[in-house]
Structure formats: C-alpha cells, structure tokens
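Engineer: Listed below are the residues making up each chain.
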Amino acid sequence: MVEKTITLTGISANSIEDAVQLAVTRASVTITGIHSARVTNVEAEIENKRVVRWKVTVKCTFRVTESLHE
Amino acid sequence: MSAKIVEVHPGIYEIFLPLPARPTIINVYLFDCHGAWALIDTGMNLPDSLQTLEQALATLNIRIEDLDVLIGTHHHPDHFGASAEIKRRSGAQVYLHRLEQEKVARVLSMASMTQRPPEALLFFQRNGVPPANYEGMRPAFYSNGAYVPIQQPDKYLHDGDVIEVGDRRFEVVWTPGHSPGHSVIFLRDVKVMVVGDHLLPRITPHVGIYPDSTPDPLGDFINSQFKVQNYDVELVLPAHGGTFHDHRHRANQIIEHHRYREAEMLDLLKHESMTAWDVARQVWGDEERPFAQWMAATFETLAHLEHAYLEGRARKFERGDKVVFQTA
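Residue numbers (the numbering used here), protein chains in the order written: chain A, 1 to 70; chain B, 1 to 328.
Any given hint could turn out to be false.
[Said to hold, decoys possible] Derived pair list, reagent style DSS-like, types lysine-lysine, alpha-carbon separation capped at 27 Å:
hint	chain 1	residue 1	chain 2	residue 2
1	B	Lys191	B	Lys270
2	A	Lys4	A	Lys55
3	B	Lys270	B	Lys227
4	A	Lys49	B	Lys270
5	B	Lys227	A	Lys59
6	B	Lys155	A	Lys55
7	B	Lys155	B	Lys270
[Stated by the list, open to error] Calculated Cβ distances over 12 Å to all of chain B for the following chain A residues:
hint	residue
8	Ser15
9	Thr30
10	Val39
11	Asn41
12	Glu43
13	Ile46
14	Arg53
15	Lys59
16	Thr61
17	Val64
[Claimed, not checked] What follows is a list of derived Cβ distance ranges for each label pair:
hint	chain 1	residue 1	chain 2	residue 2	range
18	A	Ile6	B	Arg188	54 to 64 Å
19	B	Tyr156	A	Arg50	52 to 62 Å
20	B	Asp246	A	Lys55	29 to 39 Å
21	B	Gly145	A	Ile46	46 to 56 Å
Hints are computed from structural coordinates only; laboratory data are not their basis.
Note that the Cβ used here is the ideal one computed from N, Cα and C, for glycine as well.
In isolation and in its complexed conformation, chain A is listed as follows (with noise of 0.2 Å):
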C-alpha cells in the first residue's frame, strides 16, 4: 500500500479548525479518500491589532488506488 501527501493552506477569517476544514474540504473536490491532516504551521494573520485570518498549513494524507483499464 501506498499513501501521498500533499501540502496545503487553508485560510480562515474565523478559526484555526476552520482553515484546516476548509483545506480539506478544497482537496476532497478532486481527491477521494483523505485520512489524515497533520497540522504544520499556523499563521495569524493580523490587521489593526486584531486576527483577521488563520492560515493553517496542512499535510493531508490519502491513499494512493490503482484503476484497472477495462
């Protein structure tokens, strides 16, 4: 078995559990079978004193499957 991960931002204007949902809502589009999400880095993004924006790097994980040609 073999799995990929592939590295993503996800950007939230409300929290940091936001930023990762919405990362890993934005790779399920075009990728199937997302298991796991390791939290890399999180970044406040700040504007006159206040959090404007969580930016959360994600390393999501998924399973690699094979597709027979029929």
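Following the hints, complete the assembly by docking chain B onto the known chain A.
Structural biologist: Then chain B, alone, in the frame of chain A:
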C-alpha cells in the same frame, strides 16, 4: 476527415465550432440517424462558426440544408445562437425547453433596450454592486449578430420525452441549474449522454441569480447533478472540453466544488454580515478582472448565499438599502 469533426461513437460526430471569447470552442454533436440527421446545439451565428459547421458537414457529404432535427440544450448564444439560420436553411424541426424559450424572449427584449430596466438597477444596488457604467457592459452578442435564435421552437422539450429520429431515440433529461430549462439528451441504447453545459470536464458552469431567476438555481443545479447519476452512461459528450466516461465521478466533483465554495463563503460570514458583492470580492479577490466579471461573480455568490439561506445555513436581512447575509 477534417480536424474540426471527429466520430466519437459510430454515427455520432463531435464538431468543434469557434467562439470569440473563452471558452474558445463549443462542441456541437451530429447524429447519423440513418435516413435523417440530427444536430444538438448550433454554435454562434457568426460567419466563421457557420463556415466551420458547413465544412465539417461536407466531410460527410451533407449540408446544413440536410439537417432534419435541431435540439437546443439551452438558450445561450453559443448553444442556440445560429438556430434561426439553421432553421431557415434546413427547415429542421427545432426543439427547446419551454423555460428556455422564455429566456430567449427575455434576452431579445433586453438586447433591444438602450438602458437597463429599473428592476435590474435596484437588484444590483441591493446586492452591493457599486454604481458603474452598466450600459458600457452590454454583451457583444446583443449587437454583433452572434445571437439570432429561433423565437418559437417547433416543439418543446419535456423531461422524460423521447424524440424519435430515424433509428435513434433521444431521451430528454431536464437538468435545471445553469439555465432553468437546460436539458441533456440520453441515448439509452448506446449509453451516450450529450450534456450541454451541465457536466463540463475541466470547468464548472456559471450558476447565478438574476432578477428573473427561480428562487434556488444552485439547489436545482446540485439536484440535477444527482439526477444524471441515475442514468447508465458510458460516453459523456460535453459542450466544452473533451469527451469523458465517468459522469458520476465528475458530477460528484462538481457537487463537492460547490460545497467547498459555500463553506468558504460562510467562513467569511461567521462574524460579520456582508452583501453578495463583498463576499465575491473576497472569494475571487486575487485577480484583476473586468467589472462585468465581478458582477457575474456576485450573482454566482448570491446563488450560493440564497441556497445556504433556504437550507438554514445562512441568515438574510436588510441593512440600509442592501441585502446582507450572515452564517446562521
């Protein structure tokens, strides 16, 4: 055979017609019904498109005059723009969904106006679109002759109808969303589906809300993505991009795409309310775009927000003279 026409299945031909803007090609489909010829979609009513169609047909030793049936998947200029010319030359029986015929009438009436109607200006304003020279943004097809649709089809398409032409049976599947009467055509015996703009392999079709829209076009579109999955299809023939095989896989990708878009929008709206325009500027904000594209992005955003509102995931309320949304 010319590169502009390809036989994608025995007796079924894909013809590539040029468009003046992106996407730069529309695929129309010609069916040899053995004793009759049927065409699905027309391209625009522009000289190079009609000439390309003539040349493609000539490789099969037929002419536009030989077409017997013309089916429009929907009313848009690249799909139905040359329908009057093809009807004039061939006398073909023209089929279109009734809701699309109403759209034809509306587009022609808008094209004849010198100014946007007051309800459109109010609609723009309420959704946060800043004042602009809207009249300078009239689509080119209003005035360049690219859109000359037949104003009254010979027959309306109805969901579930079967149109028999020669030895072919064209089954109508109503797929509202991109346009209210959009229909795809299924050939059950060969498991071929002509999908118009409903299922494109590389891009997603525009689904927006306009003053004359049904309440939830995005909900309709998503339901239509589920609906086509009930059919057993082996070859998918889209209006833009290459033919493909797995319609269920692509339909699910498109559903996921819109789920993601909504999540992105609702994230922005968790702590503050915004107009559709403001949300569109943030979601599509990284690129320079012509103003008309920002308007299209706004109306697509509005389709997402109204859909989320109708399903209870967003709230909608008035703020001053604007309509704003917030996550529920």
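Engineer: Does each hint fit the structure? Answer for all of them.
Structural biologist: Evaluation of the provided hints:
1. B:Lys191 <-> B:Lys270: Roughly 45 Å separates the two Cα atoms, so the pair is violated.
2. A:Lys4 <-> A:Lys55: holds, 22 Å
3. B:Lys270 <-> B:Lys227: Distance ~32 Å between B:Lys270 and B:Lys227 Cα, so the pair is violated.
4. A:Lys49 <-> B:Lys270: At roughly 20 Å apart (the allowed maximum being 27 Å), B:Lys270 and A:Lys49 satisfy the hint.
5. B:Lys227 <-> A:Lys59: Roughly 35 Å between the alpha carbons, so the hint for B:Lys227 and A:Lys59 is violated.
6. B:Lys155 <-> A:Lys55: violated, 55 Å
7. B:Lys155 <-> B:Lys270: violated, 48 Å
8. Ser15: Label violated. Min Cβ-Cβ 8 Å, cutoff 12 Å.
9. Thr30: violated, 6 Å
10. Val39: Non-interface label stands for A:Val39: nearest chain B Cβ at 17 Å, farther than 12 Å.
11. Asn41: Correct as stated: the minimum Cβ-Cβ distance to chain B is 19 Å, above 12 Å.
12. Glu43: holds, 16 Å
13. Ile46: holds, 16 Å
14. Arg53: violated, 10 Å
15. Lys59: holds, 19 Å
16. Thr61: holds, 18 Å
17. Val64: About 17 Å separates A:Val64 from the closest Cβ of chain B, which puts it past 12 Å; holds.
18. A:Ile6 <-> B:Arg188: 54 to 64 Å: violated, 40 Å
19. B:Tyr156 <-> A:Arg50: 52 to 62 Å: holds, 57 Å
20. B:Asp246 <-> A:Lys55: 29 to 39 Å: holds, 35 Å
21. B:Gly145 <-> A:Ile46: 46 to 56 Å: holds, 54 Å
Violated hints for the displayed structure, listed by number in ascending order: 1, 3, 5, 6, 7, 8, 9, 14, 18.
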